[in-house]
Each structure stands twice: as structure tokens, then as C-alpha cells.
Amino acid sequence: MNQEDLIIKSSTLGFVGTNCYFVAKKSASVPVHGIVIDPAYDGKKIYEDLKAEGCLVDLVLLTHAHFDHIGGACELCELSGAPLYCHALEKRLCEDTEANLSADYGLPCQVQPDRFLEDGEVIRQDGLEIQVLSTPGHTEGSCCYYLPKEQVLFSGDTLFAQSVGRTDLPTGSTEKLMQSIREKLLVLPEETRVYPGHMDTTTIGYEKRVNPFF
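The number in the working numbering is simply the position in the sequence shown, starting from 1, with 61 added.
Simulated from the structure, these hints should not be mistaken for laboratory data. Warning: the hint list may mix true and false statements.
As the list claims (entries may be wrong) - Taking lysine-lysine and the DSBU-like style, the derived pairs with C-alpha atoms no more than 30 Å apart in a straight line are:
#1 70 <-> 86
#2 106 <-> 70
#3 105 <-> 152
Stated by the list, open to error - Pairwise CB distance ranges (calculated):
#4 152 <-> 224: 32 to 40 Å
#5 73 <-> 252: 21 to 29 Å
#6 180 <-> 223: 33 to 41 Å
#7 229 <-> 183: 30 to 38 Å
Don't be surprised by glycine CBs; every beta carbon is placed ideally from N, CA and C.
All chains should be modelled from the sequences, with the hints used to inform the complete structure.
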């Protein structure tokens with residue numbers, strides 16, 4: 062398999078401009094079953110837009126639990142019946158509206174994952190194999206999702222095009238962030254396509270060459 066074997070639909074949602082992704086294996090059958098990563102806002106709209114395009118959501122994954130990545134999770138999971146997964150170390154931010162920053166914007170939001178993930182775990186869903194890469198730094202429980210067969214990475218707010226995630230928010234650490242990127246992300250194949258939580262896509266090879274933080 063390669064990147065062309067995937068369906069990846071991206072929507073930029075909310076006033077922070079968060080990238081929400083639908084990921085599925087290409088199939089001739091309809092509807093197409095897949096997963097959503099970081100349903101930032103308006104879970105009903107995410108659900109209805111995907112359904113109108115013949116796509117059904119079987120699983121919802123969070124890269125971390127800041128308000129701008131979880132705002133649509135509860136509604137999307139309720140409408141689709143999909144379970145919600147998140148890294149185990151992100152439990153505090155799932156529950157604490159001050160730590161996940163939602164209280165700061167007058168939009169207190171909590172989520173209750175159906176399952177907490179661990180580093181190195183492999184998720185098998187709808188013909189996809191997704192590796193959980195624990196990447197603390199932006200938050201303690203931040204993680205990335207890597208599809209090794211297709212060389213695709215969903216990096217959340219850990220790695221951006223020519224930038225990295227901020228570390229001045231609750232549970233953040235610059236030292237841990239840079240260690241995570243060096244040890245977990247920059248070791249991936251240079252052809253790996255990176256789909257970040259904000260801004261444009263990039264590749265691991267390009268970031269190794271031009272990212273000013275490395």
C-alpha cells in the first residue's frame with residue numbers, strides 16, 4: 062500500500078483553524094468506513110458532511126485534548142456511534158476545562174474516552190493499521206498516529222510545517238517536545254507525509270532540511 066491507497070479528507074474548523082481529518086482505505090463499496098482524527102468543532106456538521114459524501118465514522122482519535130481538538134468529539138461520537146480513543150496521559154486534559162483551555166473561551170468542554178491508548182500500540186480499524194506514537198511536549202499526553210504501510214503521519218500539534226507545537230500551556234515541556242520529535246518523528250522515512258493539527262501538510266524529509274527548530 063502507499064499514500065494513493067488512502068482517502069484523506071481534511072476540514073479546517075473553528076476560530077483557531079484546526080485540521081480535522083477523515084481517513085479511510087480506498088474502496089469501491091459505498092458507504093466508505095473510516096476514522097476521524099481531532100473533531101475540533103461542530104460534530105453534527107462533521108457527521109452530516111461526511112455522510113453526504115458516503116462516508117461513515119467508525120472510530121474517533123484525539124492527538125491531544127486541547128479545546129480546539131475535542132470540541133466536536135462528543136456530538137460526533139453520539140451521532141455516529143463511534144468510540145473515542147485518546148492517550149492515557151491525556152486523561153487530565155480530557156476532564157479539566159481549565160487545563161484544556163476551553164473554560165478560557167467560555168466554552169467548557171470535557172470528553173470521556175472509551176479507551177486510553179499506550180505508546181507503541183497498534184490500532185486495526187477498517188483495513189488500516191495505525192501505530193500510536195507517544196510524543197509528549199505540547200501536552201504530556203500528546204501522541205501522533207502513524208500508518209507505516211502508507212507512510213502517513215498525523216502529527217497533531219507536535220510537528221508543523223516549518224514549526225513545532227507551543228509548550229507554554231498546561232503539562233507542556235520544550236525539552237520533551239524536542240526529544241519526542243527527534244526520537245519518534247525524524248526517524249521515520251523521509252517520504253512520510255505529515256498531516257498536522259494546523260496549517261499545511263509537509264514531509265519528514267522536508268522538515269529535516271528546512272525546519273528552523275532542528
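Structure-based check of all given hints:
Straight-line distance between C-alpha atoms of residue 70 and residue 86 comes to about 12 Å, which keeps the hinted pair within the 30 Å bound. Restraint check: the Cα-Cα separation between residue 106 and residue 70 comes to about 14 Å, which is no more than 30 Å; the hinted pair holds. Distance hint between residue 105 and residue 152 is fulfilled; the C-alpha atoms sit about 24 Å from each other, no more than 30 Å. The beta-carbon spacing between residue 152 and residue 224, approximately 27 Å, falls outside the hinted interval of 32 to 40 Å.
Taking 21 to 29 Å as the suggested C-beta distance range, the pair residue 73 and residue 252 conforms, at roughly 25 Å. As the Cβ distance of residue 180 to residue 223 is approximately 26 Å, the hint placing it in 33 to 41 Å is violated. Checked against the hint of 30 to 38 Å, the C-beta distance between residue 229 and residue 183 comes to roughly 33 Å, which is consistent with it.
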